[in-house]
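Each chain, written out:
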Amino acid sequence: MRLIRAEFENFRLLRQLCLDFAINSEQKLTVIRAENESGKTTILNALQWALYGDDALPDKGRDYRLHPIDWDVSEGNRVPISVQVDFEVTGLRRSTKGLIENKRQYRIIRSTYETLDGVKWERSPSTIKLFHITDTGSSPIDPPEAVIHEELPPELREVFFTDGDRALSFIESTVSVSTKRDRVQKAIRSLLGLGVIEDALKHVKKTASEVNKAAKEIGANEKLTKIATKLEQLDAGWTELEEKIEDAKEQFSAFDEKLADIQKQIDNALIKGDREKLKKDIEHTNNQIKQIDAQLKAASKEHSELFKSLSLARDLLEPVLEKGLSELTKLHNQGKIPNTTIPVLEERLNSTVCICGESLDPDDDEAMRRREYIQNLIDESRKADALQSTITDLYYGSRSLQADQIPDDERWIRLYAKIVERRDDLGIVREDLAKKLKSLESQLDEIPDTDIQGLRDTKKRYQAQRDRFHANLTQYQTKFEVVKQERENLVAKRDNLLREQKKGERILAELEVTQDIEHVLRNSYERITSEELSKVSVLMNDIFLEMIGADPEQGAIIQKAEINQNFDIVVYGPNDRTLNPDRDLNGASRRALTLSFILALTKVSEVEAPNVIDTPLGMMSGFVKTSVLKTAIRESSQLILFLTRSEITDCEEILDVEAGRVITLTNPAHYPQMLANDPGVGLRTVIRCECNHRQECRSCQRLVDSVAQMNMAL
Amino acid sequence: MPLNERKIVRIILEECKNIEERCTGYKEELEQVISDIIAAERQHKVGSRTNILQQISNKCNATGRFLKDQRRQDRQV
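For the protein sequence lines, the chains are F and B, in the order given. Residue 6 is where the first sequence starts when you use my numbering, and the numbers rise one by one after that. Residue 24 is where the second sequence starts when you use my numbering, and the numbers rise one by one after that.
It should be emphasised that the hints constitute simulated quantities derived from the structure, not laboratory data.
Each computed SDA-like pair below joins lysine to any residue, with the alpha-carbon atoms no more than 25 Å apart: (1) K68(B) <-> I114(F); (2) K68(B) <-> R112(F); (3) K335(F) <-> D320(F).
Coverage of chain B stretches by chain F, computed from C-beta distances (three or more under 8 Å per stretch; other residues unrestricted): (4) 32 to 45; (5) 87 to 96.
Where is the CB? At the ideal position from N, CA and C, for every residue including glycine.
Produce the complete structure using the sequences and hints provided.
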């Protein structure tokens with residue numbers, strides 16, 4: 006299918022606009038040059054609306070206004086809106102000379118009304134008409150959807166009409182894996198015709214069952230009847246088994262995806278921190294803080310006790326005590342303290358000889374004189390005894406006050422310094438623990454209220470479910486093989502019996518025909534799914550790497566892109582590591598990947614259909630930009646691009662050669678900020694001029710960027 | 024021929040070449056009936072009010088009759 010032209014009436018900014026597209030296979034590129042807010046996306050939406058109706062509009066048309074926003078109600082409050090698209094379809098028909106192409110032209114017109122009531126509006130259901138255009142006129146076709154959906158099935162809408170800003174629906178991470186797979190699978194199945202073959206297989210099998218019933222009714226042979234009956238039962242069970250297998254596969258995939266998702270949640274939660282572990286750490290830190298506080302309290306008490314201590318008094322009174330203490334020491338050194346004289350003297354009186362050797366005999370007068378002297382000493386000593394006792398006590402009691410008797414580390418100042426140091430150390434430890442506690446509490450606050458254990462329990466349940474469906478799947482598949490084998494055996498027996506019977510000849514022939522048809526369809530199906538899918542994958546990879554200029558052999562980060570058997574589009578980096586398209590690819594590469602998929606699928610399916618792409622080169626520059634453009638032109642059968650001037654920059658030479666048609670669209674509302682001249686159009690509408698990518702006219706001439714920026718600043 | 028029918032038909036025609044030639048002209052006949060079935064399925068898919076099972080059954084019956092008759096002729100020859 007190729008688009009020939011389109012006409013728009015009152016579709017938002019497109020009041021009266023006509024576009025014609027390049028259909029020449031040598032220059033198949035059409036460029037619609039338009040800046041932002043100049044109707045590019047509106048045209049894309051309008052074309053899709055014409056072909057597919059409200060479902061193709063943003064949010065399926067809910068609250069999506071179609072009428073021009075500045076519609077003058079003096080022209081009536083019922084606004085007629087229509088889009089007309091002319092397109093050409095290439096058909097094939099078989100003839101004795103092989104396949105022959107024939108082209109047919111059609112015109113589709115979709116129209117509706119929107120009735121205005123103040124700021125509110127209401128849209129009536131749209132009507133669609135399709136005409137076959139020939140040299141002699143046009144004839145209506147009914148139903149029009151049959152032709153449209155045959156040429157451009159709705160499930161392929163995003164393949165053929167691509168909004169560059171949204172060109173990621175096959176790879177974006179904001180949708181689930183199963184949704185992306187579904188989109189990719191639908192696109193592939195539709196373009197490769199798998200759905201049609203599946204339906205054909207199903208219907209041919211039913212036909213074979215009916216013929217088998219007929220074999221039962223031939224009558225003559227009981228054995229044949231039994232076999233035919235058994236085959237009937239097997240066929241009924243066959244379909245049921247196939248459905249069970251499909252269901253088990255779907256359920257397995259669904260739980261597999263759920264498992265991956267929940268594992269991701271667990272991993273994310275653990276990256277931020279294990280809530281349970283953090284709680285334990287917080288508790289431990291609190292306990293440590295309590296211990297330190299207790300130690301601090303004890304140290305504080307000890308500190309205050311120092312101010313009541315003996316050592317303080319001692320050290321403070323040291324200068325005062327020094328004299329007294331030295332007198333006591335002197336007395337001690339003189340032997341006057343402690344007093345040991347009396348016992349010694351009394352002992353002498355008991356003896357007749359003195360220590361000095363003189364006689365102390367009481368019968369001797371000289372000795373008596375000495376004895377009296379000693380007694381006198383004893384009496385004198387007794388008199389001084391009380392005083393001496395006190396002084397002796399004082400001496401010995403004050404020993405601990407002697408400065409030279411006190412170790413240095415027991416001096417008050419040293420004790421004070423130790424206590425202060427200990428309190429300071431404890432204070433530092435306390436402060437560190439407080440900081441640690443605060444940090445742990447912050448970490449805990451940041452962790453989402455994720456119950457990791459709960460997630461783990463859920464993961465176990467999902468694993469069990471997934472394993473159950475896997476077991477079911479294996480069981481069904483095994484049964485299927487058994488049924489298949491049994492069926493084959495029975496078919497062989499039945500056919501032999503039919504051969505023996507004349508009546509069975511026709512039935513046998515029909516059965517053989519259905520068998521052969523099934524065989525061809527099944528082989529074709531398998532070939533398409535394996536070979537053709539692989540071709541799409543390989544071509545997608547080739548186009549993608551070419552577009553982004555990645556050479557795996559030169560060590561590029563992006564090594565390969567493929568579509569796997571699960572219909573996932575996967576990108577690989579070095580060492581076969583998978584890259585996340587959303588996180589590991591830049592915007593240009595993501596767009597290039599989606600475009601590569603679309604182009605590869607279209608090419609491999611050999612579908613002739615347009616690729617209409619809005620701002621495909623956004624976020625691109627330099628090599629990648631020109632490469633994407635050149636590749637898209639080469640791989641597409643008809644390419645219609647909506648490009649801004651910025652996207653066209655550095656691509657002019659390519660467009661010189663490849664563009665069969667270039668049209669410029671301008672929004673008059675851009676005067677005077679961005680347009681050089683007043684277009685003289687009061688309405689909010691897009692105006693068209695024939696300027697190509699290198700030309701400007703009075704309508705489309707724009708201010709150079711610096712002047713435009715200055716105007717905006719003013 | 025819409026969309027990808029060209030490709031499907033091509034693959035089907037290639038697969039038909041591997042079928043046993045049960046009688047003279049059988050492969051060509053089979054190619055035709057399968058192409059017709061695919062076309063009928065497409066029509067049915069896009070909303071054409073056809074009894075698809077009956078259509079397919081009729082086509083298989085017709086080809087069955089062709090096979091039976093042609094076999095007889097081949098035997099006589």
